[in-house]
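Chains as they are written, first to last, in our numbering: chain Y, 75 to 531; chain Z, 75 to 531.
A few of these clues could be false.
It does not matter which identical chain is used: a pair holds within one copy or between any two.
What the hints assert, rightly or not - Here are the simulated DSS-like pairs of lysine-lysine, each with C-alpha atoms no more than 30 angstroms apart in a straight line:
hint: 1; residue 1: K231; residue 2: K193
hint: 2; residue 1: K206; residue 2: K490
hint: 3; residue 1: K457; residue 2: K231
hint: 4; residue 1: K457; residue 2: K522
hint: 5; residue 1: K522; residue 2: K206
hint: 6; residue 1: K522; residue 2: K380
Keep in mind that the hints were calculated from the coordinates and are not lab data.
2 protein chains.
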Amino acid sequence: MLEKCIGQQRVRRIQRAARQAKITFLCLFMTVVVMRGMLGAGKFGTPAQDLDDLTTHFYAARKHGEPHRVLVEAQPENENGSENDPKNYATFDFNKILKDEGGEEEKPDPNKPYTLGPKISDWDEQRGEWLKRNPNFPNFIRENKPRVLLVTGSSPKPCENPVGDHYLLKSIKNKIDYCRLHGIEIFYNMALLDAEMAGFWAKLPLIRKLLLSHPEVEFLWWMDSDAMFTDMAFELPWERYKDVNLVMHGWNEMVYDQKNWIGLNTGSFLLRNNQWALDLLDAWAPMGPKGKIRDEAGKILTRELKGRPVFEADDQSAMVYLLATQRDTWGNKVYLESGYYLHGYWGILVDKYEEMIENYHPGFGDHRWPLVTHFVGCKPCGKFGDYPVEKCLKQMDRAFNFGDNQVLQIYGFTHKSLASRRVKRVRNETGNPLEAKDDLGLMHPAFKAVKVDDSTM
Amino acid sequence: MLEKCIGQQRVRRIQRAARQAKITFLCLFMTVVVMRGMLGAGKFGTPAQDLDDLTTHFYAARKHGEPHRVLVEAQPENENGSENDPKNYATFDFNKILKDEGGEEEKPDPNKPYTLGPKISDWDEQRGEWLKRNPNFPNFIRENKPRVLLVTGSSPKPCENPVGDHYLLKSIKNKIDYCRLHGIEIFYNMALLDAEMAGFWAKLPLIRKLLLSHPEVEFLWWMDSDAMFTDMAFELPWERYKDVNLVMHGWNEMVYDQKNWIGLNTGSFLLRNNQWALDLLDAWAPMGPKGKIRDEAGKILTRELKGRPVFEADDQSAMVYLLATQRDTWGNKVYLESGYYLHGYWGILVDKYEEMIENYHPGFGDHRWPLVTHFVGCKPCGKFGDYPVEKCLKQMDRAFNFGDNQVLQIYGFTHKSLASRRVKRVRNETGNPLEAKDDLGLMHPAFKAVKVDDSTM
C-alpha cells in the first residue's frame, strides 16, 4: 500500500536508509558488547581466552576488474525441502537472499552463486603427478619436516594511523626471524584478489590461489599481521598432525558443544595442500561475499553461535558454524590444538613476560612461553580499535622485544628492557666465535638442517 | 696569547662553536652541491650514473652500553716517517686526531683505537673445520649456487615522515619476494650494535657479526632499505664471482683512475665469508667512528676524491679511497660490476619502465630491465631528502609495482597501472592450475630447486 502512495523506488530507498541506520546502530552496539566481553574474558576459566577482531583487518573494499564467477549449482536442498535451514550449512542458499531482495542494481550477477574458482575434484592426483615429475621440489624438506609456506599480508594503502605501518614492519621482521630459524618461506600479500571477499575473507581466495600454484607446499600457515612470534625456539609438532588437514588453536567442547564463536581462532592456522582443503574452502566461502550475503549470514551466525555480537559474517564465526553443523564431514581431519599457543590472545599473556623470563625459557610454546601473541582487536593500522591505542602499542613493543631478545641473544645482545628499542651487549666478542654459547640452539637450529647424504657437490 | 686573555676553556668553547658553525655552513653548501650534481648526472655518458645518499640512512645515534674497544696497535708509520699521509690509508692514524684535539671529555677512550672486535686471523681454518663437521649446513645449496644471506634493515624508531614506514614495508615485501624466488635468506636488522658506528657505518659491525655467526653463509648480500628489486627473474651470475670476494656495482676507471666518490656503490654488494672479508672490514672501519674521527676523515675524503661534497666520512667514499690507495692489497679480489644493475640509480631508470615493458622482459638485469632500482637520496623515512618527496614516493610506487607485477603474473594478476595499488586478473582460473603458462619460469624457478639425489625420504 505504501508503494502505491509513494512509488516503488522511493520505498526501496527508504528501506535501504533504514537498513543503513540499523547497521550503524548495530555497530555502535557491537562496540559496547565487545568491550563488555573483553572485561569478562576470564569467565570460562581456561588459560586461553580469545577475543577476536571484529572488523576488517586488512583490505578496504575495491572494485574488481573482471567478473570471475562461473555458473555453479547451489548445494542441493535436503530431503525435507527446507530451504535456508540454518541448521544445515550445506543447504544454505545465499543466492536466495539476493533474489528476494531484488538486487539487480548490485554487482555481480545474483543469478550466479559466488565461487572461489572452477571446481577441482582431482587435486590430489594432479598434485601427486606433479610432485613425482618434480623431485627437486619435494614437499618434505626432511623426514617429518613438511615444506611450509607462511602467508600473511596487509593493505596496499598506508595505514590511517601513521604509526600502524611501523608495527606492520616490526611484525613482518618478527615473522622473517622465526621463519628463517625454522626453514619456512613467507608470502606477504598486498593485493586484493577478489573484491567481493574483502576484509577478513580476503584470505580465502589467496589461500586457494597459493595452494594451487605451489604443489610443493605441504602446509600453508596463515598468520594475521597483528600476530607475533614470541617463542623462537618452538618447532611445530608436525608428527602430531600427520593425519589431519586443518590445525587451529581452539577447544573441541567450545566449538562442537557450545558453538562458541571464539571456540577456535582463524588468525593463525595450518592447512594441508590437498583436495580436502579445496573442498573446505569452497564450503567456507559462501558467507563471505560482501553486502547482503555477508550481512544476512552475520545475523544467522549471531543467532546460532554463543556469545557472538551482531555484525557481518566473519570467517572465524563461519568456521565455527561450519564445523559445528557438519562435524561428520570435516571433523576427523580438523585438529583443535590447545596444547600450545598456535594463537595466543594478547590480553592474558603480555603482563606475564617478566614472570616467564624469570621462571621458564623458550621452547615450550604454551602458557609458560607462548609461541604466538596475537593482538586481536588492537588494529594499529586503523583509526579505531577495540582497546586503548596506547596500551596496544606499548604491549606490542613488549611482545616484539620479548621475541626479538631470543634472536639477539644468538649474537650476544639483548634489549635494555622489554620497553626499550635499544640493545646492549651481553656477551663479549672473542677470537673463536664458533665456540660461543648457543643456549637456545638457534644459531644453527636442527629445524633447518638439510638431510645429509653421501653425494658430493 | 688569546688563551692568556680569556682562559683556556673559553677558547675551546669558542673553537667548538666555530667548528659547529662551519659544519652547519658546509651542510647547507653540500645540499646545494648535491642538487647541482644531480642535475649534471649525464655528464659521464655512461648508462649508469649514480648519486649516493649523503646523510644518515638508517640509525639515529644512540649511547652504547658497554665499551668494547680493545687496545690495538695503530698501523706502523711508513719508512719516511710521514704520519697521517693521506696517500696511504694504512698509515692513517685516526687516533692522532683525537689526541691532538684533546678529546678527554669525549667517549670512548681516545687512547684505544676503534676496532670492530678482537682480531681473528684464522677464520678460514675455523670456518672450514665447522663446515666439515656440519655437512647438514652446506655453504653451497647446489653446484654453483652458494648459500646467500641478504642483510638489510632500518631504524627501530617510527619514521619521522609518517608514510616512511609504509615504504619500508613495501620494500621488505619486495625483498621477501625476490629472495623467496631465488632461495635466499633474509636478515632484517633493527638493532644498533655499536653506537660509534651509527648511520651508514652501522652495517660494518652487523656484517662482521653475521659472517662470524653464520659460517654456513657463503655470500652476505648487503642491501639498503631504499633499494628495490625490479627484475624478479634475474639470478646473479655466481660463476663469474668464484674467484672474488667483494662485488659492487661500479667502474674500474672511475674508482682507480679518477677516485670518483660515486665510482662504486655500497648500497648493494656481495661479500664472501672468509678471512679476506674480515681483513677488509677492519681496513674499512677506521673512518667510521662518529665525531671527530668521522668529521676529519670526511675532509680527507672530500679532498682526495673527485666530486665529493663536504660532509662527514661515509662508508662508500671510504671504500673508494681504500681501493684506490691500496689496489695491490685488495684489488684482485674485488669485482666492480657494471654488466647489470646490482645497484641502479633510480633517477635514470624510473621514467623508462613503460618503455622496458614495451621492448623487453624480465631476466636481463641491466638497462633493459634493471635488477635493482635504488632510491638514493630520497629518504622517505626522514623529514628532508635530497629530492622532492612527492616525486620520490610516486616513483617508489612505480618501481614497487614494476617488480610486483612480475610476482603477480605468476598467479594471473597485475597492477591496473604502474601507479595503481589495485590489481586486475589477467588469466582466468582453470581446473588445471599446474598447466598454467609460467612465462617467466618463476612459479617453480630453477634457482631454488634442490639437488636431486637417489636417496628416499
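ask   = At most 30 angstroms between C-alpha atoms: does K522 with K206 qualify within a copy, between copies, both, or neither?
value = The answer is both: 24 angstroms in one copy and 17 angstroms across copies each meet 30 angstroms.
key: Up to 30 angstroms CA-CA - K193 versus K231, copy category   = Neither. Shortest intra-copy (32 angstroms) and inter-copy (48 angstroms) distances fail the 30 angstroms Cα cut-off.
task = Using 30 angstroms as the alpha carbon limit, work out where K457 and K231 are close: within a copy, between copies, both or neither.
result = both (14 angstroms within a copy, 20 angstroms between copies)
task = Evaluate K206 and K490 at a C-alpha cut-off of 30 angstroms and name the case that applies: within, between, both or neither.
result = neither (51 angstroms within a copy, 37 angstroms between copies)
query = Under a CA distance limit of 30 angstroms, which applies to K522 and K380: within one copy, between copies, both, or neither?
reply = neither (42 angstroms within a copy, 47 angstroms between copies)
Status of K522 relative to K457 across identical chains (alpha carbons, at most 30 angstroms) = Answer is neither; intra-copy 40 angstroms and inter-copy 41 angstroms both fail.
In this structure, the hints that do not hold are numbers 1, 2, 4 and 6, in rising order.
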